[in-house]
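Novice: Start from the sequences, fold in the hints, and give me the full structure.
These are the residues of each chain, in order.
There are 2 protein chains.
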Amino acid sequence: MADEVKLFGMWASPYSIRVELALKLKGIPYEYMEEDLSNKSSLLLKYNPVHKKIPVLVHNEKPIAESLVILEYIDETWRNNPVLPQDPYDRAMARFWAKFIDEKLLVTTRKVSFTAGKEQEQAIEEITEQLKQLENELQGKEFFSGHSIGYLDIVANVLVSWFGNVQEALGVDMFTEEKFPILFDWIGKVVKIDIVNECRIPKEKHLDYIRSRLEALKSASK
Amino acid sequence: MADEVKLFGMWASPYSIRVELALKLKGIPYEYMEEDLSNKSSLLLKYNPVHKKIPVLVHNEKPIAESLVILEYIDETWRNNPVLPQDPYDRAMARFWAKFIDEKLLVTTRKVSFTAGKEQEQAIEEITEQLKQLENELQGKEFFSGHSIGYLDIVANVLVSWFGNVQEALGVDMFTEEKFPILFDWIGKVVKIDIVNECRIPKEKHLDYIRSRLEALKSASK
Numbered sequence: 001m002a003d004e005v006k007l008f009g010m011w012a013s014p015y016s017i018r019v020e021l022a023l024k025l026k027g028i029p030y031e032y033m034e035e036d037l038s039n040k041s042s043l044l045l046k047y048n049p050v051h052k053k054i055p056v057l058v059h060n061e062k063p064i065a066e067s068l069v070i071l072e073y074i075d076e077t078w079r080n081n082p083v084l085p086q087d088p089y090d091r092a093m094a095r096f097w098a099k100f101i102d103e104k105l106l107v108t109t110r111k112v113s114f115t116a117g118k119e120q121e122q123a124i125e126e127i128t129e130q131l132k133q134l135e136n137e138l139q140g141k142e143f144f145s146g147h148s149i150g151y152l153d154i155v156a157n158v159l160v161s162w163f164g165n166v167q168e169a170l171g172v173d174m175f176t177e178e179k180f181p182i183l184f185d186w187i188g189k190v191v192k193i194d195i196v197n198e199c200r201i202p203k204e205k206h207l208d209y210i211r212s213r214l215e216a217l218k219s220a221s222k
Numbered sequence: 001m002a003d004e005v006k007l008f009g010m011w012a013s014p015y016s017i018r019v020e021l022a023l024k025l026k027g028i029p030y031e032y033m034e035e036d037l038s039n040k041s042s043l044l045l046k047y048n049p050v051h052k053k054i055p056v057l058v059h060n061e062k063p064i065a066e067s068l069v070i071l072e073y074i075d076e077t078w079r080n081n082p083v084l085p086q087d088p089y090d091r092a093m094a095r096f097w098a099k100f101i102d103e104k105l106l107v108t109t110r111k112v113s114f115t116a117g118k119e120q121e122q123a124i125e126e127i128t129e130q131l132k133q134l135e136n137e138l139q140g141k142e143f144f145s146g147h148s149i150g151y152l153d154i155v156a157n158v159l160v161s162w163f164g165n166v167q168e169a170l171g172v173d174m175f176t177e178e179k180f181p182i183l184f185d186w187i188g189k190v191v192k193i194d195i196v197n198e199c200r201i202p203k204e205k206h207l208d209y210i211r212s213r214l215e216a217l218k219s220a221s222k
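Each protein sequence line maps, in turn, to chains A and B.
Going by the UniProt record's numbering, the first residue of the first sequence is number 1, and it counts up by one from there.
Going by the UniProt record's numbering, the first residue of the second sequence is number 1, and it counts up by one from there.
Because the hints were derived from the structure by calculation, they are not lab data.
Please read all numbers here as calculations on a predicted model, not as lab measurements.
Mixed in with the good hints there might be a few duds.
Since copy identity is lost for identical chains, a pair holds within one copy or between any two.
Claimed, not checked - With a cut-off of at most 30 angstroms between alpha-carbon atoms, the simulated BS3-like pairs for lysine-lysine come out as follows:
hint, residue 1, residue 2
1, Lys118, Lys53
2, Lys99, Lys179
3, Lys132, Lys52
4, Lys189, Lys40
5, Lys26, Lys99
6, Lys118, Lys6
7, Lys6, Lys141
8, Lys179, Lys46
9, Lys99, Lys46
10, Lys24, Lys62
11, Lys52, Lys111
12, Lys62, Lys132
13, Lys141, Lys24
14, Lys189, Lys118
15, Lys218, Lys203
16, Lys53, Lys99
17, Lys141, Lys52
18, Lys132, Lys46
19, Lys179, Lys53
20, Lys118, Lys52
21, Lys24, Lys218
22, Lys141, Lys104
23, Lys6, Lys132
24, Lys141, Lys53
25, Lys218, Lys6
Specialist: Here you go:
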């Protein structure tokens, strides 16, 4: 039986882009199902009844949710072009920093997005510190994963276009080449990789989307 | 060279108990270093400069932080008595529910702890729903991991004594045998396992600890 691989995703989600990158890196053909998050499909709700969120990978009718869990599944199911490093300690470090990106960096990004004034300034200070810690991890390396992109580069891909677009839509100045030369050097290298380029978020469409979402959330909280 | 394994933990932390359970399950000798979280050791700060938190496993001078990352590391480094299932889909499900426990169940527990009145009632409703979802996952199985305890049982071990003690200290009634017969049946089985019993948190000491911590946090936020 040929593998049937479907991905339920959303064009502007860094989480579903991660899964696309891993599938493309391994050359796995898949059917992409775009979800309208304001009107989720019954299939998405069936496949991810707990979180009701994208991305969901469905492999031969078996659903898997949570992007980091999906990445591990892909790597364990299709063994070519390993995504995670081979050494247990290197694997632990990759997982540690992936968790850091999701649980610190992206959580603080939300803080920056939904605060203003002094509170926003503090969140920007916090995220600057977190970006420095992440940059530190990259120091002296070509990619996070060594000489080619892997698991942590895929997770950190959120910095490539998504993060800059959010910054621009918010009109803040927290992630610049001047402050983070090593991260920007890495971005310069990853955008030259075909599969990364194929997954780039269209900028103007993304800016419009972020602005309208922020507006909607702000007026809902009034 | 013999393996040198050190664990920086704290007696009441369900996260450091997870690591102890995995080490004991595999029969790995380790040195346990109790941390005073109000006065963290310079070694802890050196080994986990990013989060400054326990648990940290130090294996031959190499530190690993974050309990779920440590569990994967232990399983990949010492191959006897596998902790994670072997099948990639079963592994994905175990990881999915472990994330659920940490990012939903334990986050809502904090909400229950730091709210009162209507807000606390809502948090209790939320946690009841989450416990039902977790219970659903256990239905028809002897343990979360099948016929013997494994990764998800180790992570869910937070329900064995820690969770009940928190509930008792808070004086709320959210986790009872009547509401969750399958989870309580599982607890009845796991407490009979020697290594689980060795890692049980002393109840009275724990109740005193939770009460004094809640008091301190409440007066700090006034």
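Novice: Look at each hint and say if it fits the structure.
Specialist: Outcome of the hint check:
{"no.": "1", "hint": "Lys118 x Lys53", "result": "between (32 angstroms within a copy, 28 angstroms between copies)"}
{"no.": "2", "hint": "Lys99 x Lys179", "result": "within (23 angstroms within a copy, 33 angstroms between copies)"}
{"no.": "3", "hint": "Lys132 x Lys52", "result": "between (33 angstroms within a copy, 16 angstroms between copies)"}
{"no.": "4", "hint": "Lys189 x Lys40", "result": "neither (36 angstroms within a copy, 40 angstroms between copies)"}
{"no.": "5", "hint": "Lys26 x Lys99", "result": "both (23 angstroms within a copy, 25 angstroms between copies)"}
{"no.": "6", "hint": "Lys118 x Lys6", "result": "neither (44 angstroms within a copy, 42 angstroms between copies)"}
{"no.": "7", "hint": "Lys6 x Lys141", "result": "between (34 angstroms within a copy, 29 angstroms between copies)"}
{"no.": "8", "hint": "Lys179 x Lys46", "result": "between (44 angstroms within a copy, 25 angstroms between copies)"}
{"no.": "9", "hint": "Lys99 x Lys46", "result": "both (27 angstroms within a copy, 20 angstroms between copies)"}
{"no.": "10", "hint": "Lys24 x Lys62", "result": "within (20 angstroms within a copy, 33 angstroms between copies)"}
{"no.": "11", "hint": "Lys52 x Lys111", "result": "both (23 angstroms within a copy, 22 angstroms between copies)"}
{"no.": "12", "hint": "Lys62 x Lys132", "result": "between (39 angstroms within a copy, 22 angstroms between copies)"}
{"no.": "13", "hint": "Lys141 x Lys24", "result": "within (23 angstroms within a copy, 36 angstroms between copies)"}
{"no.": "14", "hint": "Lys189 x Lys118", "result": "neither (35 angstroms within a copy, 52 angstroms between copies)"}
{"no.": "15", "hint": "Lys218 x Lys203", "result": "within (22 angstroms within a copy, 45 angstroms between copies)"}
{"no.": "16", "hint": "Lys53 x Lys99", "result": "both (18 angstroms within a copy, 14 angstroms between copies)"}
{"no.": "17", "hint": "Lys141 x Lys52", "result": "between (37 angstroms within a copy, 25 angstroms between copies)"}
{"no.": "18", "hint": "Lys132 x Lys46", "result": "between (40 angstroms within a copy, 17 angstroms between copies)"}
{"no.": "19", "hint": "Lys179 x Lys53", "result": "between (34 angstroms within a copy, 28 angstroms between copies)"}
{"no.": "20", "hint": "Lys118 x Lys52", "result": "between (34 angstroms within a copy, 26 angstroms between copies)"}
{"no.": "21", "hint": "Lys24 x Lys218", "result": "neither (37 angstroms within a copy, 50 angstroms between copies)"}
{"no.": "22", "hint": "Lys141 x Lys104", "result": "within (22 angstroms within a copy, 35 angstroms between copies)"}
{"no.": "23", "hint": "Lys6 x Lys132", "result": "between (36 angstroms within a copy, 29 angstroms between copies)"}
{"no.": "24", "hint": "Lys141 x Lys53", "result": "between (34 angstroms within a copy, 27 angstroms between copies)"}
{"no.": "25", "hint": "Lys218 x Lys6", "result": "neither (34 angstroms within a copy, 48 angstroms between copies)"}
Hint violations for this structure: numbers 4, 6, 14, 21, 25, all remaining hints satisfied.
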